[in-house]
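**Q** Put chain U with the ligand on the given structure of chain L with help from the hints.
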Amino acid sequence: MAPNPLHLGVALDGAGWHPAAWRAPNSRPTELFSARYWTDVVATAERGLLDFVTIEDSLRVPGPLHARGDDAVDQVRARLDAHLIAATLAPLTHHIGLIPTVTTTHTEPFHVSTAIATLDYTSRGRAGWQVRVSAGAEEAQHFGRREITDPTPAEFAALIATGELPGHAEALFEEATDAVEVVRRLWDSWEDDAEIRDVATRRFIDRDKLHYIDFEGRFFRVRGPAITPRPPQGQPVITALGHAPRIYEFAATAADLVFVTPTREHGPAQILRQIATAGASRVGEPLRVYADLVVFLDTDDDTGAQRLARLNDQSGAEFSSDAAVFTGSAEEIADLLADWNTQGVDGFRLRPGVAVDDLAAIAGRLVPALQHRGAFRTSYPEGSLRGLLGLSTTVPNRYARV
Amino acid sequence: MSTPRKQVILGAYLGGVNHHTAWWHPEAGSQIDFSSFEHTARTAERGKFDFFFLAEGLILRERAGQIFDQDIIGRPDTFGVLAAIASVTEHLGLAGTVNATFNEPYELARQFATLDHLSGGRAAWNVVTSFDAFTGQNFRRGGFLDPSDRYVRAEETLRAVRALWDSWNADDIVADKDSGRFLARPDAGSFEFRGRQFDISGRFTVPRSPQGRPVILQAGVSPQGRDFAAANADAIFSPYGKLREAADFYRDIKSRAVAAGRSPDDIKILPSASFVLGDTDAEAIEKYRAIRDEQVTGQTALILLEQIWNRDLSGYDPEGPVPDVEPEPDAPPFIQGRAFLHQDRFATVKRLREVSEAKKLTLRETVIDQFERGPIVGTPARVAEKIDDFVNSDGSDGFILGSHLVPTGLDEFVDRVVPLLQDRGALRTEYTGTTLRDNLGLPGLRSAAVPVDA
Ligand SMILES: Cc1cc2nc3c(=O)[nH]c(=O)nc-3n(C[C@H](O)[C@H](O)[C@H](O)COP(=O)(O)O)c2cc1C
Chain L
7 MAPNPLHLGV ALDGAGWHPA AWRAPNSRPT ELFSARYWTD VVATAERGLL DFVTIEDSLR
67 VPGPLHARGD DAVDQVRARL DAHLIAATLA PLTHHIGLIP TVTTTHTEPF HVSTAIATLD
127 YTSRGRAGWQ VRVSAGAEEA QHFGRREITD PTPAEFAALI ATGELPGHAE ALFEEATDAV
187 EVVRRLWDSW EDDAEIRDVA TRRFIDRDKL HYIDFEGRFF RVRGPAITPR PPQGQPVITA
247 LGHAPRIYEF AATAADLVFV TPTREHGPAQ ILRQIATAGA SRVGEPLRVY ADLVVFLDTD
307 DDTGAQRLAR LNDQSGAEFS SDAAVFTGSA EEIADLLADW NTQGVDGFRL RPGVAVDDLA
367 AIAGRLVPAL QHRGAFRTSY PEGSLRGLLG LSTTVPNRYA RV
Chain U
47 MSTPRKQVIL GAYLGGVNHH TAWWHPEAGS QIDFSSFEHT ARTAERGKFD FFFLAEGLIL
107 RERAGQIFDQ DIIGRPDTFG VLAAIASVTE HLGLAGTVNA TFNEPYELAR QFATLDHLSG
167 GRAAWNVVTS FDAFTGQNFR RGGFLDPSDR YVRAEETLRA VRALWDSWNA DDIVADKDSG
227 RFLARPDAGS FEFRGRQFDI SGRFTVPRSP QGRPVILQAG VSPQGRDFAA ANADAIFSPY
287 GKLREAADFY RDIKSRAVAA GRSPDDIKIL PSASFVLGDT DAEAIEKYRA IRDEQVTGQT
347 ALILLEQIWN RDLSGYDPEG PVPDVEPEPD APPFIQGRAF LHQDRFATVK RLREVSEAKK
407 LTLRETVIDQ FERGPIVGTP ARVAEKIDDF VNSDGSDGFI LGSHLVPTGL DEFVDRVVPL
467 LQDRGALRTE YTGTTLRDNL GLPGLRSAAV PVDA
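In order, the protein sequence lines correspond to chains L and U. End of the first sequence sits at 408 in the numbering used here; the numbers just go up one at a time, nothing left out. End of the second sequence sits at 500 in the numbering used here; the numbers just go up one at a time, nothing left out.
Don't read these hints as lab results, they were simulated from the structure. Warning: the hint list may mix true and false statements.
Which chain L residues face chain U? A few, computed with CB under 8 Å, are given here [as the list claims (entries may be wrong)]: (1) A84; (2) Y127; (3) G230; (4) V289; (5) L397.
Bear in mind that the values here come from a model prediction, so they are computed numbers and not experimental data. For each residue, glycine too, the CB sits at the ideal point set by N, CA and C.
Same shape as in the complex, but just chain L (with noise of 0.2 Å):
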């Protein structure tokens, strides 16, 4: 195996990334709230032995961002909790990592901690998190407890040109930063060896284990510590999606890895310098940086090419996406992440245009294409998705002493 071995999950959002996934053929658009629809999907992603599924998720229906009062029937206007989503697979998976999404901004960092500290125990240290803000005005307006303006078009502009954020939103990241390092402290606020269960003394925990992380910021209080014990991976993985320098500082304060959308034309080198930069004075093990493409493969039925440009039709639009869209054999898919691979991207995550289609050819053509090459592993390797992703499995706790 290489040196630099790929790694290689998939992104799931409802019937795929295509805004008609749902009326392909193998689709089961009226499954698609079902633990059966959710759980055959992602037993083809372990069947696969790809790293991990993340699972899309906002506090908003799906649909195009920052249209209000849109009326379109013809979309998958509805979707269910990612966590739980991400919980109710748990049980049913064995090795493959599960990294539910759950935004930051309307929700309390406590909640956030003991789910994904959950997770990781009811999958045996597969739990990740991908945080993601609530940006707009619709979902605030769902909560109703603090304003937030949708970006205006010049703003939306900026943001396309130079990756400036509006002033809101930047708040909204230095919020998502807090909360994170709450979260942390949270799953730190136990050690792992905390209860004793001592029958002579009668003491369950030795008290001087926990610890209180009394966290203050703009944003909020949390006085911890954490009602569930340390997590089994002490540190359940932590990613986040980024466009711009700004959401790269984010990631390199925050998060474990950081999922990019690196143009096929341009490559990832511009992205990764940004990263390095962004990241200069990040502690610890670097950022892993994991580049996203939406992909349409090549089936026994169809080229990717003929799916994509049916799906078109049917929904009456290009598809566009801010991940580079990849049609192709796997072979040719191959070739293009050994190469971004080459240059220093650590991972990939695919989207699949079409959840139950690009998920079969990416487990039934893709992995073995990669295999064949010897730059894929065989099989899973025991243990937890941070020793599947290749980053430390002995995480140091930051209030134990030594």
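**A** Just chain U with the ligand now, with coordinates in the frame of chain L:
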């Protein structure tokens, strides 16, 4: 008997953060590993229980500013465990205690509706209302809620949550690939709720779930709590396990339900209970005494009294009389982070002193006498008979049953008592309904269009 035999409703409670779960027992297992939760849930399903039940506490308890170290500490996230149990069971209801104060309606509605989808219609929410500023220290909301407002907030939270659940109709998802129509109407999930606590609007992400509205439980015994439950809950988790007080509570809640325009059958009363089995009644009583002595040590007894006195009682002898000092209701809380049911400290202290004197009991014995919740003790036949009689005497509609031993404590109940309950015709031998609501014998929902505060 001429009236048909009432069916006993059974919930399984996994003993968590409390003083009576025997963590010191040689067979006691993990309180946090999923395998413990899985074992208990599978056992309950084998015994045809209606549901699995989890309590909640959002902060570690403290005594005099120090974290408790004597009892079980630490628990997992309620939603995360229940969703995982959904995967390893088929019929068992999944009841989660979740606070109405430290969560927002949008996320509560979303999480319970999701659990209902992923479990195929087995979700239940036990609405609790702890309000204290102490718990608030772990949350952005802080301790903002005045105690007298807790049911105001709970009621409004529940109405908002129902408005969200009702924002989707059962037939809103068409998902017709040929026509390309996914939604039946463009505004599926649209909601608007304005009240004293919440002013929210937008679109709810989760389509109507199998039960439409997950089952609502309530735990809380004040007049406000009773009215809230009588008007809103499908079942009430009660602390009254002795027949006389239980029957009073039963009548009270059912009549409040009628006053609120509901049928008495619309709300089920479920006391918490534990059990001890033996091959003879005498052996069971012996066993129970031994367990109880382990559960209520002198130190535990003092700590339980400190909650009422609200002061340090560590200088008192557990084998001596009940403390002669007066409670200090106005001092800062001496013990924090524990649901507190005592309304009037002075009246409680007076009662404890009287009982202690009349029955010639030590402090520790008085605590046992007054605070045990009437465990069901005896041979399997005796326990089956007691449960059946209790329910048929309208002491309750069933029980939420816990064992002092995690995770295997429920096994012997299921192996030895459940078949006897089934022989008596008091417990189903197969699940009949597809949802928890069906299995509990609750009336079906009329329709999503019914106004939420009808
Ligand atoms: C049987 C029972 C179980 C309860 N379980 C919990 C619990 O798990 N978590 C919690 O925060 N409060 C719990 N409570 C506390 C209640 O939610 C409520 O805060 C308390 O009873 C005060 O309300 P009240 O004055 O109406 O009784 C429980 C109460 C009862 C009676």
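**Q** Next, verify each hint and record whether it holds.
**A** Against the structure, the hints come out as follows:
Below 8 Å, beta-carbon pairs count as interface contacts, and L/A84 has one with chain U at about 5 Å; its hint therefore holds. A cut of 8 Å between beta carbons decides the hint on L/Y127: the least distance to chain U is about 6 Å, and the hint holds. With its C-beta approaching chain U no nearer than about 7 Å, L/G230 sits inside the 8 Å limit, and its interface hint holds. The restraint placing L/V289 at the interface with chain U is violated, with a minimum CB-CB distance near 27 Å, outside the 8 Å limit.
Residue-level restraint check for L/L397 is violated (minimum Cβ-Cβ distance to chain U is 22 Å; threshold 8 Å).
Checked against the numbered hints listed earlier, the structure breaks hints 4, 5; every other hint is satisfied.
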